[in-house]
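J.: Each chain, written out:
There are 2 protein chains.
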Amino acid sequence: MKGDGIGRYHPAKLTGFCKGVLESLGLPPEDARVVADSLVRANLEGTDSHGVSRLPIYARRVREGRISARPEVRVERSGAVLRVDGGNALGQVASYRALEAAIPVAWEAGIAAVAVRNSNHFGTAAYYCQMACREGMALIATTNSPPGIVPWGGRKAYFGTNPIAFGFPTRREPPVIVDMSSSVVARGKIILAAQQGLPIPPGWAVDGEGRETTDAAAALQGAVLPLGGPKGYALALAVEMLSGVLSGAAFGPHVNNIYEEGASPSGVGHSFILLDIARWMPLDEYYARVDQFIGEIKATPRAAGAEEVLYPGERRYRAFLEKTREGIALPETVVEELAELAGQYGVPLPAAAA
Amino acid sequence: MKGDGIGRYHPAKLTGFCKGVLESLGLPPEDARVVADSLVRANLEGTDSHGVSRLPIYARRVREGRISARPEVRVERSGAVLRVDGGNALGQVASYRALEAAIPVAWEAGIAAVAVRNSNHFGTAAYYCQMACREGMALIATTNSPPGIVPWGGRKAYFGTNPIAFGFPTRREPPVIVDMSSSVVARGKIILAAQQGLPIPPGWAVDGEGRETTDAAAALQGAVLPLGGPKGYALALAVEMLSGVLSGAAFGPHVNNIYEEGASPSGVGHSFILLDIARWMPLDEYYARVDQFIGEIKATPRAAGAEEVLYPGERRYRAFLEKTREGIALPETVVEELAELAGQYGVPLPAAAA
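Taken in order, these protein sequences are the chains called A and B.
Once you know that position 186 of the first sequence is 185 in numbering that gives the first Met the number 0, the rest is easy, because the numbers rise by one and skip nothing.
Once you know that position 2 of the second sequence is 1 in numbering that gives the first Met the number 0, the rest is easy, because the numbers rise by one and skip nothing.
Honestly, the hints are just simulated from the structure, not real lab data.
Be careful, since some hints might not be right.
Sample of chain A residues with no beta-carbon within 12 Å of chain B, all distances over it, derived [unchecked claim]: (1) Ile-56; (2) Gly-152; (3) Phe-165; (4) Gly-247; (5) Glu-335; (6) Ala-341.
Derived DSS-like pairs (lysine-lysine); straight-line CA-CA distance at most 27 Å [claimed, not checked]: (7) Lys-297/B with Lys-12/B; (8) Lys-155/B with Lys-297/A; (9) Lys-155/B with Lys-188/B; (10) Lys-155/A with Lys-297/A; (11) Lys-155/A with Lys-297/B; (12) Lys-155/A with Lys-188/A.
Values in this document were obtained by computation on a predicted structure and should not be read as measured data.
Ideal Cβ positions, reconstructed from N, Cα and C, are used throughout, including at glycine.
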C-alpha cells in the first residue's frame, strides 16, 4: 500500500542516508546536508511529492553532469537586491546560499530581494519560509517550473505549476506558512488516476484540444487548469514574471524538465523577498497581533460538518510532530529506488521499523 | 439598462466634476485630483464597481468627518521600509502620497516596502501598479477590506475580499497588471442576483450556517467563498497579514465598512513592495524578455471555442481605449446620485452625450 508498505524510517537516519548519497555524488557536506534536510523535512510535513522520492532523479542528473555537484553560486549585490547565478546547482543549494547572503542585507535595509537564475527544482517553498521565520523575518517566495498550466483560452501548457509562498513567524504557534501552486491540482494526482483507470473531477484539466475533460488519460495529453480559472492563470503569470523573466532565468516552455532526457540544464528561476519584521514594529507587538489574529481565526464559528478551522502551516506542523515521533512511511516503489541508490553509492539504507 | 441608461460621459469632464465635489468637501486640489482620477480611470477600464459610483459614499463619510478631508499623512522611513500613518485619509490619498515617498527609496535601494495603516478604501490596486510602471518599476500591492470571506471550515466572514496585485512595465504593449481578489466572486454580483431573484452558481457562497448555497438571498446572510477553496483562504490570510497585521492597521472584522453607519474610522491597511527593475537587469534587456514572454503567451494554440489568449491587463487597456474615445456609460441610479451631489455642492454635473 502507498504510504506504509515497508514500515517507518527514522527521520535522522533517512537524512543521513540522503546526505551520504549526495556526498558520494561529489556534493560538499554542507550542501548535501541542506538538500537532505529539505527532502526529509518535506516527508515529515506530509508533502511526500517533494520528499526523498526526488533523490533518485537528483542523483541521476548530478551523475550525468546535468546538475552541478560543486556549483559556483555567484551573488551580486546592488542596493538591497541580490542577483544570484545558481551555477546550475540543485535548487536547494542555490536558494539556501542566496538566502544566507540575503539575511544580512535585510538586517541592514529592512527588506531584501533575491533573484536566482540558472537553478533547479528547489523542493518545497515552505522550507525557505521556515528559514526566514527563524530569523524573525517574513518571506515571499516564488519559483517557476517546467510547463504544466495552460494560459486561459489556450490548449497548450506554458507556465509551470508556479507556486507562491508566504511565511510569517509566530511566537508560540507553528509559523503561518502559505505554500500554494497556481494550479487546481498537482499533475501527480492525474497520473495516479490514469494508472488506476479512474476519472478525474471536472475542472481539473483539459485534453489535447483544450476541452475540459474528466478522462485522466486524455488530461495527460493536455494540461492542468489554473486555480480558479482566469485568476490562477494571472497568478501563474505573475509568478513567472518574478521568478523567470525578472530573474534572468528561463521562462515558460524554455524551463527544462529534469524528468525528461536531454543535456540542457533546467534553467529554473526563483524569487525571494525577505522582510525584517522589526522594521515594521517591535517584535513583541507583532507577535501579540499575530496571536490575536490566529486566535480569532481559529475561534470562527464552524461550518456544518467542519471539525476545526486550521490556519495555513498548522496541518504541516502537526504532520511534522507526528512523523518525527512515529517515523516516515515510504511506498515500496520509493524504497526500491532508494535501495538501488544505496547499492550504487555504497551507502547503507537504514532499516525501517515495523 | 445597467451601463447605458443615460448616454455617455466625457472622461475629463467627469473627472472635473468629481474633483470639484471633493474640493467642495475640503480636499486640497492635488488630493482631489488623485481621487477623481482613480475613480474615473476605474470606469474607463471597465471596473465600474470601483469607479464614480463610490463618490457618494466617499462624500458622505468625509462630510460626516468619518474620513479626513485634510489628513496628516505621516511617513516614517527606516532603511528601505516606509511606515505610513494615513491619517484616516481617503485610501487613494494615503496610497498616492506613500508611493510618491517610496519611489525615491526604491531608486536608492532597488526595492522599497510600504506599510500603510489608518487608511480607507483605496480604489483599484491596478491604479498603483500603473503608477509604478510609469517609473519603470514593478509593484506588489495588497489591501485588506471589511469582512467578506470565510476562513475554510468556518461559517462567518473574517477576511475582506483582500486583493493582491502585481504590476510589471512593458515597452510597447499595455503593462502586465494582475489585480485579483481572494474571493471567487465580488459580493456585488450576489447582491444583483438577489435583486433579480436569480440563483447563483454553486461554489460562490455559503449561507448563514456555512452550507454551500445557490440561493442568492441566503448567500447574503452568509459569506462569499474564497477563490479555489482552501488556496483562496490561504491567500486572503496572507494578504491580511501583509496589509493588516504587519502594517499596524485594523485586521479581520476590526476593519469597519464605510457603507455601515457608525463613527469609527475604517482602519484599512495596505502594503506595497516596489521593485526598481533596472537593478535586476538593464531595462532594454528586461523589455525584450517581456516582449518575448507576452508574444509567446498570445501565440499559445487556442482552446476549442476560445477567440484569443489575452494577458492580464490587456482587457482593461482595451476598455480604456474604447471608453476614452466613446465616453463612460453610467447606470441611471449612479447618475441620480451624482446629480444629487451636484445640487448639494453646487458643482454642475456635465451633460451626457447621446
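J.: Return the numbers of the hints above that this structure violates; sort them in rising order.
T.: Violated: hints 2, 3, 4, 7, 10.
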